[in-house]
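A.B. asks: The chain contents come next:
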Amino acid sequence: MAHPSTYQPGSGFERWLDARLPVVRVMHDQFVVFPTPRNLNYWWTFGGILTFMLAVQIATGVVLAMHYVPTPEGAFDSVERIMRDVNWGWFLRYTHAVGASMFFLAVYIHTVRGLYYGSYKAPREVVWILGVLILLLMIATAFMGYSLVWGQMSFWAVTVITNLFSSLDAVIPGLGTKLVEWIWGGFSVGGPTLNRLYSLHYLFPFVIAGVVLLHIWALHIPGNNNPTGIDVKSAKDTVPFHPYYTIKDGFALVAFIVLFAAIVFYAPNLLGHPDNYVPANPLQTPPHIVPEWYFLPFYAILRAIPNKLLGVAALMTSISILFFVPWLDTSKVRSTSYRPIYKWFFWAFVLTCIALGYLGSQQPEGWYLIFGRVCTIYYFAFFLVVMPVTGLIERPRALPGSITESVLGPEESGEIEETKNTKETKATPPPAARKRKREEVL
Amino acid sequence: MRSLSRLELLMAFLLALALPGVALAEDGSSAAAPPLGHDYPEIAHQSWSFTPPFGTYDNAQLQRGFRVYKEVCSNCHSMRLLSYRNLGEPGGPEFSPKAVEVLAGQVQVTDGPNEKGEMFQRPARPSDRFRSPFANDQLARNANSGALPPDLSVIAKAREGGPDYIYALLTGYRQPPAGFEVAQGMHYNAAFSGHQVAMPPPLSDGVIAYTDGTKPTLDNYARDVSAYLMWAAEPKLEERHQTGARVMIFLIVFLVIMYLAKRTVWTRLHHRDATHAA
Amino acid sequence: MATYETPLNPTLEPDQEPTRRDVILIAASGFAAIGAAAALWPLLDQMNPDQSMLSLATTEVDISHVEAGQAITVMWRGKPIFIRHRTDQEIGKAKDVKLDDLVDPLARNANLPDDAPATDDNRAAKDREPWLVMIGICTHLGCIPKGQAVGDYKGQFGGWFCPCHGSQYDTAGRIRLGPAPQNLAIPPYSFASDTKIKIG
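Protein chains in written order, with my numbering: chain A, 1 to 442; chain B, 1 to 278; chain C, 1 to 200.
If you're looking for bench data, these hints aren't it; they were derived computationally from the structure.
Here the structure is a predicted model, which means the values were calculated and not measured.
Backbone N, C-alpha and C define an ideal beta-carbon position, used for all residues, glycine too.
Be aware that a few hints might be false.
One side only, chain A facing chain C, incomplete, derived with CB under 10 angstroms [stated by the list, open to error]:
#1 V63
#2 M66
#3 R84
#4 L214
#5 I216
#6 P243
#7 G250
#8 F251
#9 V254
#10 I257
#11 S320
All chains, please: the whole structure from these sequences, using the hints.
C.D. replies: In structure tokens form, the structure reads like this:
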């Protein structure tokens with residue numbers, strides 16, 4: 001969707017700057033007049049919401065760091081000092097803590113949207129890969145941030161997660177242990193561990209911000225996908241990003257903030273665990289350790305597998321498999337809306353992820369363990385079997401002739417659009433006729 | 001012209017569901033369901049003055065709760081994150097500044113070293129932290145037949161059920177059911193996980209004299225000290241609820257305006273489509 | 001039809017009155033601006049001294065062992081407090097100074113009105129002339145002046161001498177020479193007893 005720049009520098013200063021550093025031109029071309037498909041639904045607003053959440057987390061995080069003490073003796077008390085004595089400390093800390101959950105809520109919706117509408121398919125593979133990379137960085141950042149509270153859950157989460165690396169002992173004896181001691185900076189989780197987690201927790205968000213820029217850059221080369229999954233054919237299929245999507249994204253963002261604020265102000269500990277209000281005690285593991293809700297599905301996969309090394313491998317694979325989705329999916333159409341068979345498998349996959357989340361919060365025994373294993377198998381089968389196979393055997397439903405047609409129906413769009421199918425669309429008002437039409441997308 | 005789309009309706013519906021759901025969630029207690037089995041007794045919900053979204057602490061109740069803490073709990077339990085000044089701060093028991101000084105002054109704290117290099121005792125000042133009953137955990141264990149009385153500063157947020165749980169625990173001492181072995185030095189409690197708690201029943205009717213006409217019963221003591229501990233764990237709750245009300249009103253008006261603005265902008269597109277199609 | 005930009009301009013047509021639809025867009029921008037500004041405040045206010053700082057109000061100092069001619073330095077709110085037991089000679093020297101000779105004519109005494117003149121009476125402790133209690137921070141750029149220890153160089157006025165930029169204070173802690181603009185500040189304090197000073 002490369003198009004000639006329409007930016008007209010107004011004042012002398014703007015011309016001067018434009019000749020030297022065309023930031024205003026880039027902003028104008030990419031975020032004001034940028035041609036965006038006119039049919040994006042509300043699931044497309046989460047990109048903007050995520051950008052906002054990253055900004056919120058960085059802003060609150062930087063100020064929390066002004067009060068936080070990264071030592072085993074000082075960490076828990078410094079967090080409580082923020083809650084009690086620092087001006088607005090309770091607001092900043094709850095916003096940051098709840099913000100992490102809201103960030104994950106938004107990123108999961110954003111990912112499922114991309115998965116449903118085939119936004120990972122050519123020519124957007126790099127957009128998708130960068131997105132998965134952001135998700136990985138977010139997981140690391142959230143985990144390290146959670147550890148900083150240095151409550152019981154923090155401490156034991158660090159212990160358990162860092163011990164994942166000791167599974168490498170099964171590959172080369174001694175390697176895992178050496179690696180874990182390197183991560184700890186000692187022979188157990190302690191002061192050096194906390195200090196490095198703090199350092200990296202401060203660093204990673206800025207790395208994320210960098211990858212987000214690349215993600216948006218890569219997106220703006222082909223332009224947005226859309227709910228039909230078909231390509232933009234004419235200017236009529238698009239609207240300028242501003243004001244159409246600035247206002248739509250803005251509305252969705254405010255709605256999202258309403259939910260965010262309701263939790264911060266009225267139930268800030270809703271998504272947390274009481275044990276993390278108990279200071280870390282290296283001599284006593286809490287009876288039930290569970291990660292934050294956004295890690296529960298992965299935790300369930302880890303526990304579904306009885307072998308230590310294989311469990312860790314499954315955990316790692318469950319996320320990294322997303323990198324290969326553009327090539328696992330063999331479908332000719334992008335949007336799941338037009339895929340009658342795959343659609344069922346897709347929603348079964350979403351339900352599986354939710355089920356894994358629930359199972360991750362339960363003790364891995366009896367039926368829970370069995371369900372956990374079934375869900376884990378389906379989780380992987382979805383990527384490794386369903387994606388490649390359904391794409392080959394399934395006959396997609398007819399796609400609309402154009403994005404405009406999908407919005408207005410063939411009659412109205414046919415009037416002004418110069419498509420190859422003008423005659424057919426004009427002649428056949430009932431939608432059934434439209435559905436017969438096949439569209440080549442790829 | 002298009003009015004509300006299906007998705008807009010869905011979002012509105014979800015929000016409508018989420019808001020009261022969030023509002024009903026009790027402060028200080030996590031919604032995460034306790035893991036199944038494993039002796040987690042049901043904790044009954046009590047009615048508290050500080051329930052969101054508009055709840056505030058009952059100053060008189062917190063003052064009574066502080067007395068219960070001071071005269072009973074503080075013999076074994078520390079509250080190391082609190083200072084005497086907190087007792088006079090807004091949104092808490094709100095003792096008068098004079099009363100805070102007197103309350104602090106009744107306690108001797110260790111300070112120093114002085115010019116001679118020696119530690120010395122002096123009356124506490126409002127800026128001092130609450131004095132802990134034991135100098136270290138080992139002493140505390142030693143004095144309590146091996147059990148460590150937990151610090152109570154954030155206990156109301158550190159236990160599933162929060163103040164409901166504390167109330168249930170303090171009123172949960174019973175005769176063990178027939179056949180239930182209670183180990184030596186332990187006490188049967190209906191609310192405690194595993195039903196055996198090292199803490200002997202701390203409260204009973206009449207152990208503390210109330211001066212404000214409240215009945216000096218176990219039930220009232222337990223209720224008051226639970227509320228007091230909730231305040232200690234969440235001293236900014238009132239400020240949070242009040243700020244929240246203002247923020248939510250602002251946001252909801254903002255949301256309506258954004259919706260209208262969004263419709264205004266998109267109507268132009270529909271208008272253009274209509275004129276072109278005609 | 002590539003002219004999709006022109007009919008969608010959200011701004012006002014030049015000859016049009018603001019209509020309802022424009023008002024709603026202006027209101028939306030206004031709310032966004034107010035919301036952003038309100039959200040910014042906690043991020044800034046958190047840097048102000050917190051409640052535990054504000055409550056660190058008082059320090060009590062035992063001065064029974066401070067002989068005439070000696071001085072001690074104690075901490076109050078993280079600042080050094082100079083407490084000097086002055087000799088009669090030092091008091092006399094301070095009293096002899098004419099107000100007109102002073103760089104800063106104000107007492108800078110938190111226990112007195114703001115416009116109190118910088119006489120020795122207004123600088124020394126009330127009814128306890130030998131005692132001088134001051135915040136030991138040079139009013140120029142915040143260094144701690146020399147003059148507390150017996151062997152320190154005290155400047156040509158016999159009080160304090162700031163090593164950073166050479167400000168000189170007299171035996172009542174008043175600025176006499178150098179770049180400092182004000183006399184050394186006097187904190188709120190009182191004598192709890194003959195041998196105890198309560199600062200703050």
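A.B. asks: Hint by hint, note whether the structure agrees.
C.D. replies: Here is what the structure says about each hint:
no.	hint	in the structure
1	V63	5 angstroms, holds
2	M66	7 angstroms, holds
3	R84	7 angstroms, holds
4	L214	27 angstroms, violated
5	I216	21 angstroms, violated
6	P243	4 angstroms, holds
7	G250	7 angstroms, holds
8	F251	9 angstroms, holds
9	V254	9 angstroms, holds
10	I257	8 angstroms, holds
11	S320	36 angstroms, violated
Checked against the numbered hints above, the structure breaks hints 4, 5 and 11 and satisfies the rest.
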